[in-house]
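**Q** So the sequence lines, in the order shown, correspond to chains A and B. 263 is the number of the first residue of the first sequence in this note's numbering; add one for each residue after it. 263 is the number of the first residue of the second sequence in this note's numbering; add one for each residue after it.
The set of hints was computed from the structure by calculation and includes no laboratory data. Misleading hints may appear alongside valid ones.
Claimed, not checked - Some but not every residue of chain B turned toward chain A, in silico, with C-beta under 8 Å:
#1 Thr320
#2 Ser341
#3 His453
#4 Gly499
#5 Thr508
#6 Val534
#7 Leu539
#8 Arg546
#9 Arg669
By construction, the Cβ of each residue, glycine as well, lies at the ideal position given by its N, Cα and C atoms.
Protein chains: 2
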Amino acid sequence: VAAAALTAWSSRFAAMPIDETRDRAPAVRPDPRRVLDDLAELRNLTATPRGADRLAWTEGWARARAFLAERLAEIGVESERDEAGNVWATVDGVDRDMVAVGSHLDAVPEGGWLDGALGVFAGLELLRAVAASGRPPRRRLALIDFADEEGARFGRSLLGSSAVAGRLDPSRVADLRDAAGVRLEDALAGHGIDLDRAPSASARARGLTAYLELHIEQGPILEAEGVSVAAVRGAMGISRHRWTITGRTGHAGSTPAALRRDPMVAAAQAIVGLRALASGDEERATVGQIEAVPGIPTAIPERVEFTVDLRHESAVELARLEREFADVVRRAAEQQGCASGAEEIFAVSPTRFDPRLLELAGEVCAAHAGRRLEVVSGPGHDAVELAHVVPAAMLFAPSIGGVSHSREEDTAAADLTIAIAAFFDFALAVLEAFDNLPIDR
Amino acid sequence: VAAAALTAWSSRFAAMPIDETRDRAPAVRPDPRRVLDDLAELRNLTATPRGADRLAWTEGWARARAFLAERLAEIGVESERDEAGNVWATVDGVDRDMVAVGSHLDAVPEGGWLDGALGVFAGLELLRAVAASGRPPRRRLALIDFADEEGARFGRSLLGSSAVAGRLDPSRVADLRDAAGVRLEDALAGHGIDLDRAPSASARARGLTAYLELHIEQGPILEAEGVSVAAVRGAMGISRHRWTITGRTGHAGSTPAALRRDPMVAAAQAIVGLRALASGDEERATVGQIEAVPGIPTAIPERVEFTVDLRHESAVELARLEREFADVVRRAAEQQGCASGAEEIFAVSPTRFDPRLLELAGEVCAAHAGRRLEVVSGPGHDAVELAHVVPAAMLFAPSIGGVSHSREEDTAAADLTIAIAAFFDFALAVLEAFDNLPIDR
Numbered sequence: 263v264a265a266a267a268l269t270a271w272s273s274r275f276a277a278m279p280i281d282e283t284r285d286r287a288p289a290v291r292p293d294p295r296r297v298l299d300d301l302a303e304l305r306n307l308t309a310t311p312r313g314a315d316r317l318a319w320t321e322g323w324a325r326a327r328a329f330l331a332e333r334l335a336e337i338g339v340e341s342e343r344d345e346a347g348n349v350w351a352t353v354d355g356v357d358r359d360m361v362a363v364g365s366h367l368d369a370v371p372e373g374g375w376l377d378g379a380l381g382v383f384a385g386l387e388l389l390r391a392v393a394a395s396g397r398p399p400r401r402r403l404a405l406i407d408f409a410d411e412e413g414a415r416f417g418r419s420l421l422g423s424s425a426v427a428g429r430l431d432p433s434r435v436a437d438l439r440d441a442a443g444v445r446l447e448d449a450l451a452g453h454g455i456d457l458d459r460a461p462s463a464s465a466r467a468r469g470l471t472a473y474l475e476l477h478i479e480q481g482p483i484l485e486a487e488g489v490s491v492a493a494v495r496g497a498m499g500i501s502r503h504r505w506t507i508t509g510r511t512g513h514a515g516s517t518p519a520a521l522r523r524d525p526m527v528a529a530a531q532a533i534v535g536l537r538a539l540a541s542g543d544e545e546r547a548t549v550g551q552i553e554a555v556p557g558i559p560t561a562i563p564e565r566v567e568f569t570v571d572l573r574h575e576s577a578v579e580l581a582r583l584e585r586e587f588a589d590v591v592r593r594a595a596e597q598q599g600c601a602s603g604a605e606e607i608f609a610v611s612p613t614r615f616d617p618r619l620l621e622l623a624g625e626v627c628a629a630h631a632g633r634r635l636e637v638v639s640g641p642g643h644d645a646v647e648l649a650h651v652v653p654a655a656m657l658f659a660p661s662i663g664g665v666s667h668s669r670e671e672d673t674a675a676a677d678l679t680i681a682i683a684a685f686f687d688f689a690l691a692v693l694e695a696f697d698n699l700p701i702d703r
Numbered sequence: 263v264a265a266a267a268l269t270a271w272s273s274r275f276a277a278m279p280i281d282e283t284r285d286r287a288p289a290v291r292p293d294p295r296r297v298l299d300d301l302a303e304l305r306n307l308t309a310t311p312r313g314a315d316r317l318a319w320t321e322g323w324a325r326a327r328a329f330l331a332e333r334l335a336e337i338g339v340e341s342e343r344d345e346a347g348n349v350w351a352t353v354d355g356v357d358r359d360m361v362a363v364g365s366h367l368d369a370v371p372e373g374g375w376l377d378g379a380l381g382v383f384a385g386l387e388l389l390r391a392v393a394a395s396g397r398p399p400r401r402r403l404a405l406i407d408f409a410d411e412e413g414a415r416f417g418r419s420l421l422g423s424s425a426v427a428g429r430l431d432p433s434r435v436a437d438l439r440d441a442a443g444v445r446l447e448d449a450l451a452g453h454g455i456d457l458d459r460a461p462s463a464s465a466r467a468r469g470l471t472a473y474l475e476l477h478i479e480q481g482p483i484l485e486a487e488g489v490s491v492a493a494v495r496g497a498m499g500i501s502r503h504r505w506t507i508t509g510r511t512g513h514a515g516s517t518p519a520a521l522r523r524d525p526m527v528a529a530a531q532a533i534v535g536l537r538a539l540a541s542g543d544e545e546r547a548t549v550g551q552i553e554a555v556p557g558i559p560t561a562i563p564e565r566v567e568f569t570v571d572l573r574h575e576s577a578v579e580l581a582r583l584e585r586e587f588a589d590v591v592r593r594a595a596e597q598q599g600c601a602s603g604a605e606e607i608f609a610v611s612p613t614r615f616d617p618r619l620l621e622l623a624g625e626v627c628a629a630h631a632g633r634r635l636e637v638v639s640g641p642g643h644d645a646v647e648l649a650h651v652v653p654a655a656m657l658f659a660p661s662i663g664g665v666s667h668s669r670e671e672d673t674a675a676a677d678l679t680i681a682i683a684a685f686f687d688f689a690l691a692v693l694e695a696f697d698n699l700p701i702d703r
């Protein structure tokens with residue numbers, strides 16, 4: 263965005279305090295308690311002893327979506343499914359342009375109760391409050407429940423939102439298989455989705471003025487900072503590789519250190535070196551998977567394979583980190599008489615959310631949390647996909663202990679209440695008062 | 263052994279040069295070339311594209327044993343199987359006491375051609391030469407083909423030799439299962455072995471004056487030293503543990519280094535520290551197996567488990583190594599905010615071979631190799647089990663690249679020839695000339 267445009271908007275918004283924004287709106291009074299009630303009901307509906315059962319393209323997920331459909335029917339709002347399986351529920355506005363809020367109802371297996379569901383049911387309460395107000399908002403309001411955000415069954419995350427963003431290539435995902443060997447294309451067909459037509463969902467993005475999402479942080483920063491809600495500046499870029507260090511196997515008993523070419527020692531040196539390279543708050547470096555081959559206690563491994571997931575908000579810094587780690591591995595491998603190589607598994611560039619929406623989000627969060635904190639998302643989100651084609655923004659609620667993707671995932675009710683209330687103010691401001699938000703890229 | 267007894271024997275043997283020793287023997291002329299021929303034939307008989315097929319208690323192993331039985335029949339030597347499945351082939355001597363030579367015909371899956379087979383067919387050639395000499399040797403000579411030395415199918419190595427040594431407890435191994443779920447006891451029954459009666463094989467140890475074994479080193483030391491045959495001083499003690507470092511899982515993208523409790527970093531630090539502790543020629547330290555749980559590229563592991571195999575010739579030093587490594591793990595875990603713990607998998611004390619036999623073996627090897635090298639075995643061997651109840655000794659032939667347990671296992675023919683010839687001289691000296699070898703413990 264041009265600096266001039268940003269300044270023009272900023273000063274315009276600064277002259278319009280949040281209370282005044284709400285005065286211009288109809289008597290829309292969304293209530294965070296109703297969001298917590300819906301979330302608790304969904305939790306009971308999809309609970310197993312080991313966590314929530316809402317894996318995409320399964321019965322548990324269908325049950326969660328049926329619950330959402332019931333709630334929408336109760337408030338007289340109709341919903342429809344787009345070609346990629348995303349559910350859209352819309353309330354008409356005075357103008358034709360549309361503000362969307364949402365997230366996803368699918369979860370990882372044995373997942374938590376808030377991941378995705380928080381954003382969907384916060385959005386539902388917004389629709390409910392708008393519908394209850396008895397008069398149309400300035401802009402149309404849509405709630406989107408994106409399909410298969412987690413990608414936990416077929417390994418392809420952000421399926422529905424990438425279709426809306428025009429970034430889904432069916433030929434690259436059709437043949438992905440789940441653990442039981444079922445093809446992604448067939449699983450979708452079983453839920454009435456023709457994968458080849460999924461990219462048509464991108465037509466809906468053209469009508470969007472903004473996309474806003476409330477999500478749990480899935481990390482420990484807000485908790486550590488003591489902040490109940492924070493604006494998200496963007497998403498880190500990701501560089502993910504599988505590294506292989508190859509040495510020479512041998513009997514554990516017969517080879518002294520000096521005559522070994524031990525890839526385990528080289529891998530350990532590389533991992534220690536990686537932590538030294540990436541010890542700051544700006545970057546993320548994770549070795550989540552490691553295997554020694556042949557993997558028997560009485561043999562020096564022939565080779566060690568491990569994944570390295572690097573993330574940074576800056577593409578330049580991410581590339582630097584990648585380069586410096588490659589040097590670390592090379593040196594460690596050479597020192598142990600081993601060879602090394604890497605295969606790219608996944609790569610995505612950093613994403614910045616719309617700076618005008620971010621500015622507004624930051625002010626709203628500061629008003630509710632008592633302190634303005636801006637964070638960068640390490641995980642990907644539907645909003646990150648949408649940001650490629652629509653001005654998008656996110657708010658984060660804290661995660662206790664930074665835990666997510668497990669039944670231990672939780673957020674204090676007081677924090678949830680504050681974060682939901684902040685999201686309501688933010689969304690209503692964008693829905694009613696926020697002018698001049700061109701798609702800027 | 264008392265120093266005085268050793269000195270008495272040493273000076274006695276020193277006064278009796280090897281040639282004189284052989285002059286006292288009958289015209290026994292074992293030929294290393296016949297050993298290489300037999301080994302080549304066994305290799306062809308049990309070859310697969312990926313290595314030798316001689317896994318204990320399988321068809322391939324039975325085929326190898328049938329080949330040995332054929333060769334024994336050709337020279338008119340009968341063999342019998344003891345209660346543990348070991349094959350004994352005996353030639354009578356003038357005296358009642360017995361010198362045994364041998365090793366094992368079983369191999370790891372896709373194994374090499376020399377491991378075990380070298381010692382068995384060197385022993386066969388000795389029997390053949392003694393039988394061909396037309397007159398009995400001074401002592402009885404037995405060739406033993408031990409059953410299931412590798413333990414590769416059920417995870418219990420040295421099965422047959424531990425029975426002879428009186429160290430096999432059937433109740434502790436009966437229920438071991440192979441990868442297909444077959445019980446050890448049932449597999450043995452399929453080969454006509456009643457596991458409960460296996461300990462009776464220990465009666466045979468009482469008749470033994472000495473047990474001698476030629477084996478490949480399975481390590482790189484002889485090659486590095488340029489020596490074709492070396493005497494083995496004993497076997498290292500082994501301390502094998504599974505370590506677990508437990509941290510806190512979290513999303514790879516959302517947790518900065520300072521807020522992580524990352525067990526992978528702690529494990530890497532521990533492994534780097536282990537190499538620093540055990541970088542000398544005296545000790546062995548190997549991490550052959552490692553696993554991160556849950557083991558997904560986008561999550562900080564909840565815990566990392568890895569095996570640590572420590573070996574040393576000295577029990578005191580082994581215990582020190584174990585203690586110092588435990589400190590290294592504890593410090594690394596604490597530094598990363600993790601907990602650590604270990605479970606013992608396996609432990610065995612160091613073994614020293616009979617010092618009088620070692621002295622003789624050292625002199626014979628020096629005569630054949632041009633240089634006297636004494637090594638310690640890291641791997642266990644049948645001779646190490648026998649050493650608990652019988653004066654035992656081993657000679658090592660070099661292994662190219664230190665490789666074993668694979669089809670790449672090999673030894674230069676010139677080295678094999680020298681090592682086999684040395685073993686013949688050594689065994690004939692013990693068979694014919696070596697007096698006063700009491701069981702000394």
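**Q** Taking the hints in turn, state whether each one holds.
**A** So, going through the hints one by one against the coordinates:
This hint is violated: threonine 320/B has a C-beta 19 Å from the nearest C-beta of chain A, more than the 8 Å allowed. A distance limit of 8 Å between C-beta atoms decides the matter here; for serine 341/B the minimum to chain A is near 30 Å, and the interface restraint is violated. A cut of 8 Å between beta carbons decides the hint on histidine 453/B: the least distance to chain A is about 25 Å, and the hint is violated. A cut of 8 Å between beta carbons decides the hint on glycine 499/B: the least distance to chain A is about 10 Å, and the hint is violated.
Below 8 Å, beta-carbon pairs count as interface contacts, and threonine 508/B has none with chain A, the closest being about 15 Å; its hint is therefore violated. Because the beta carbon of valine 534/B sits about 5 Å from the nearest beta carbon in chain A, less than 8 Å, this interface hint is met. Violation of the interface hint for leucine 539/B is found here, the shortest Cβ-Cβ separation to chain A being roughly 10 Å, above the 8 Å cut-off. Nearest Cβ of chain A to the Cβ of arginine 546/B: about 6 Å, under the 8 Å cut. The hint holds.
Because the smallest distance between the Cβ of arginine 669/B and any Cβ of chain A comes to about 13 Å, over 8 Å, the interface hint for this residue is violated.
Violated hints, listed in ascending order, are 1, 2, 3, 4, 5, 7, 9; each of the other numbered hints is respected by the structure.
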